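> The primary structure of each chain is shown beneath.
Number of protein chains: 2
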Amino acid sequence: MKEDKTQAVSYGAAELDLGLTMALSRFVADLDFNDLSAGTVHAAKRGVMDWLGCALAGSRHATLDRLLPVLAMLSGDARFPVVGRPTRLGLLESAMANGQMGHVLDFDDTHMGGVVLHASSPLLAALLAVAEARPVDGRTLLAAYVAGFDVAVRAGQGAPGHHRGGWHLTGTLGTIGAGAAVARLLGLDARQTAYAVGIATTQAAGMQQNRGTMCKSFHAGKAAANGALAGLLAEGGFDSSLEILEGRKGFCRIFSDTAAPETLLDGLGSRFEIERNGFKPYACGIVLHPTIDAMVAIGRRIPDKASVREIALRVHPHAVSITGVADPKTGLKSKFSLTHSAAVACLDGAAGIEQYGDARAAAPDVIALRERVSVETDDSLGKDQAFARVTLAGGDVLEQAVTHATGTVDNPMSDGALEEKFLANARPVVGDGADRLADAVWGLDRMEDVRGLLQQAAGTGG
Amino acid sequence: MKEDKTQAVSYGAAELDLGLTMALSRFVADLDFNDLSAGTVHAAKRGVMDWLGCALAGSRHATLDRLLPVLAMLSGDARFPVVGRPTRLGLLESAMANGQMGHVLDFDDTHMGGVVLHASSPLLAALLAVAEARPVDGRTLLAAYVAGFDVAVRAGQGAPGHHRGGWHLTGTLGTIGAGAAVARLLGLDARQTAYAVGIATTQAAGMQQNRGTMCKSFHAGKAAANGALAGLLAEGGFDSSLEILEGRKGFCRIFSDTAAPETLLDGLGSRFEIERNGFKPYACGIVLHPTIDAMVAIGRRIPDKASVREIALRVHPHAVSITGVADPKTGLKSKFSLTHSAAVACLDGAAGIEQYGDARAAAPDVIALRERVSVETDDSLGKDQAFARVTLAGGDVLEQAVTHATGTVDNPMSDGALEEKFLANARPVVGDGADRLADAVWGLDRMEDVRGLLQQAAGTGG
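Here the protein sequences come in this chain order: F and A. One point on numbering: in the working numbering, the residue at position 360 of the first sequence is 354, and numbering is uninterrupted. One point on numbering: in the working numbering, the residue at position 236 of the second sequence is 230, and numbering is uninterrupted.
Because the hints were derived from the structure by calculation, they are not lab data. Take the hints with a grain of salt, since some may be wrong.
[Said to hold, decoys possible] Some chain A residues judged to face chain F by a derived CB distance under 8 Å, without partners named:
1. S69
2. G159
3. A198
4. C209
5. S234
[Unchecked claim] No more than 25 Å apart at the CA atoms, straight line, and that leaves these computed lysine-lysine pairs for DSS-like:
6. K327/F with K299/F
7. K243/A with K377/F
8. K327/A with K243/F
9. K243/A with K323/F
10. K243/A with K327/F
All of these numbers come straight from a predicted model, not from anything done at the bench. Here a beta-carbon is modelled for each residue, glycine too, at the ideal position from N, C-alpha and C.
All chains, please: the whole structure from these sequences, using the hints.
Now the structure itself:
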């Protein structure tokens, strides 16, 4: 149903005499798998791999035990798979559950291009749910994912004050991107895609006030469900404003005090935002990662952890503003604690799912050590940099500087490390199926029907 | 499950040492039907009556023909009734459909206390859907509706710049109010109610950019579904911030540049906002009503409408800023056209559903007359005031001043007029059942199981 496939396409809005949302939508509708470079395709596969692992690990989280019975009650005769669980739900409910699972551990991907966004939970949960109803091949899935990722990040770039304003971007931008991605999956034309983006954007929501509660990851699930609904409504003939991003009361202006809609199309089609996606070696916010890198390195050099008298950290100011919880009482809260992160990294040499569980948040050794952590901010440090100085009982001082945290674009996780993380996440849930799933993801561009992915990842037993 | 029922309750947050959201939630949880005055109960019944009529009339709107097949596809083995249609949907989908129906004609109630909000579509669509799953009597329904109405309006009062910021308040505040109302319907305690409000608020959405599209009334439906989901999740043990309204990144601050959370509890329990609800004699935005009153009055005095040469209007500036569409091409757009409204009021002596249909938007006599309308704004006029001067071909001049538009708090529709509007809305859809429905609404406080209401209003045939 694409328009004008035969003519050369330029994506500048001016040449096409289109509005910005329409030009972006036309790009989405026209984006073909064969237009993507091997690097872009590989970045997309890495995103699918990492998300699926995070969702599998997240599927066992207690938050899901609260969510799933309610969604099951709402679902009627459900047939849509849920990652890591035997439950079957309705289409929107399954998108909601899988999206929340992907984000509940704060272990999922983070965009590194200036927009703090965990795009894959909303995008992939929406796409895989809709693909159950409208089966597609792996190439279509990947193209839709790449397109939606671009739209989500671009919407954020067009509203630069958006994060500072108090919004949770995974909720807001995730909804917008999911709407665009589903439109692409469904093969909608440019105008219908613009409607899908308009219907999605008008549902965009999620407040930072809910950090540290079950709602934070709910935002990702709701973004997936709302994006799926937007795409399906647009397919069904529903309309919206065609200028939802750039309009006088559009997204860029009402979600930001410094609207920049003119940037929405910058480098469109030549720069794919999915290539700037980062992956987390640690199960917490990316701002904590350089500190954790430093403390893991120092911790390895301390045989008796009880000898630590003082941990002095220097970090980017942003790290303190959103992770200043000094004495977290729960695992969820501990993800927003710089002192907790430094303490577990030193003690356990890790900052994985276990280190952010309720048990470690309440453990006496962790509590004792985090009370010895002092934090200083330093404007000259980058967000992916940190400096740690540990003083031991005998007076010895150990220091570690981190210039690019592991998992950032300048210091990416290797394919091997990413697959290891996936297997560690997946094996406790699907056992040996984890290896088959990893193979399936690396071979996504040859998969005839992507329904196989969720079916392998869904629980089958009781 | 209410807390501390035996002690005297004060709703000031300071005395209770509660946050504002918690204090408001405690009020909601504790609100008993027997605490309500006869006037408050009567105002609530009028709200139910008017909403049900608007939803019945709206059930035939073409927008629903786009929405319902998609929702049916999403619903599985659905059993929840849809107003005026034989379709059965899932719980959230039925809330979405009924909420959109109530608002699709822009004929539903409008709050008159400074917060431009159509509260009943989100609130009642959410409440009646949840009541299908958790049956309650009419007194519980009315108490929940009154409580949710108060929360919706108060949230708006706490965020005074909210409408100017570009939000569609029926979407945003409607979600918050629906979450609170459903919490009350489910009998949640104060803390769970605060969670319901938190889960609802973090989903709050709806952009004015979508005025004149199918998304405008979709906001009301989505608010209903999101509010229902919030209440059910809170019942199921889901949590959220307990300071979602007043918090540092709470609703009052992030949705408004002039936050006023200190007003959230003003007069709580003594002033019920539902008593300031207004009802529309005309099927369009309330800002147009004084002009329509004036033009209907003048039109009655003009035997030959072709003799009108010029219509000069003086209106409150607000009327022009949101209804400035000069040449609307569709019925939906014509609801945002002051010139169209003046023309049809003069020609037809009415501004009902027919006058805002596609046919009248494109009718030559209407187009010819709306081109003869000039508009001047006047800061000295109230929003419910207008002045019209019509010049005829022979040079005669007819003038009409309106000081309080019909349907406002200072010039309310009588019960009889409200019931007449209801019957006119309902009879084309449910025939003689309309009279029985009207009786059922006036007797709501004696109804044992409110499911009877939707069942009578739902279509039964093919």
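> Sort out which numbered hints this structure fails and list those numbers smallest first.
none
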